[in-house]
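Just so it is clear: in the sequence shown, position 3 is 3 by our numbering, and no numbers are missing.
Quick caveat, the hints were computed from the structure, so don't treat them as lab data.
All figures in this text were calculated on a predicted structure; none of them were measured in a lab.
Any given hint might turn out to be false.
Heads up, simulated BS3-like pairs for lysine-lysine below, C-alpha to C-alpha not over 30 angstroms straight-line [what the hints assert, rightly or not]:
no. : residue 1 : residue 2
1   : K48       : K18
2   : K32       : K87
3   : K87       : K5
4   : K87       : K48
5   : K48       : K31
6   : K18       : K31
7   : K5        : K31
The following label-pair restraints were derived from C-beta to C-beta distances [said to hold, decoys possible]:
no. : residue 1 : residue 2 : range
8   : G3        : R80       : 15 to 21 angstroms
9   : P26       : S63       : 27 to 33 angstroms
10  : Q36       : G3        : 26 to 32 angstroms
11  : P88       : N17       : 14 to 20 angstroms
12  : R80       : D13       : 30 to 36 angstroms
13  : E89       : S46       : 33 to 39 angstroms
14  : M76       : N11       : 18 to 24 angstroms
15  : T57       : D81       : 18 to 24 angstroms
Think of the CB as a built atom: it goes at the ideal place given N, C-alpha and C, for glycine as much as any other residue.
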Amino acid sequence: MEGGKQRIQENMDELVNKIDCCPLFPFFRLKKIFSQRSVNEIQQYSDKRRRNFEVLTNVYRRSASVFNSFVDVLWMSGQRDAARILKPECVTVN
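Input sequences plus hints: build the corresponding full structure.
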């Protein structure tokens, strides 16, 4: 996870602007990234940047498996640029 933490830390500003968390919330529960309570708390922020910051900060604090699941959710939701920032080895599959 150290590599994941470093990528979050180094790219926080870009990721906060790039990610759209709203379509990700159902996947967060499905992939067990966040509890429903955590999702509800994050959704209370009206500012998109603040929501994104909270999501990234929480992922940063968690395990490597949570980081990998988060990258998978970004990829599945079409937010592939953000997924590649966090995990450069993500490639497009035709």
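Taking the hints in turn, this is what the structure says about them:
1. K48 <-> K18: 10 angstroms, holds
2. K32 <-> K87: Judged against 30 angstroms, a Cα distance of about 20 angstroms means the pair holds.
3. K87 <-> K5: It holds: about 11 angstroms lies between the C-alpha atoms, which stays within 30 angstroms.
4. K87 <-> K48: 23 angstroms, holds
5. K48 <-> K31: 22 angstroms, holds
6. K18 <-> K31: Measuring from Cα to Cα gives roughly 21 angstroms; hence the hint holds.
7. K5 <-> K31: Holds, because 19 angstroms separates the two Cα atoms, which is no more than 30 angstroms.
8. G3 <-> R80: 15 to 21 angstroms: 19 angstroms, holds
9. P26 <-> S63: 27 to 33 angstroms: This hint is violated: roughly 21 angstroms between Cβ atoms.
10. Q36 <-> G3: 26 to 32 angstroms: For G3 against Q36, whose Cβ atoms are near 29 angstroms apart, the range 26 to 32 angstroms holds.
11. P88 <-> N17: 14 to 20 angstroms: 19 angstroms, holds
12. R80 <-> D13: 30 to 36 angstroms: The hint (30 to 36 angstroms, Cβ to Cβ) is violated, given that R80 and D13 are roughly 19 angstroms apart.
13. E89 <-> S46: 33 to 39 angstroms: 35 angstroms, holds
14. M76 <-> N11: 18 to 24 angstroms: With a Cβ separation near 20 angstroms, M76 and N11 satisfy 18 to 24 angstroms, so the hint holds.
15. T57 <-> D81: 18 to 24 angstroms: Once the Cβ atoms are compared, 20 angstroms apart, the range 18 to 24 angstroms for D81 and T57 holds.
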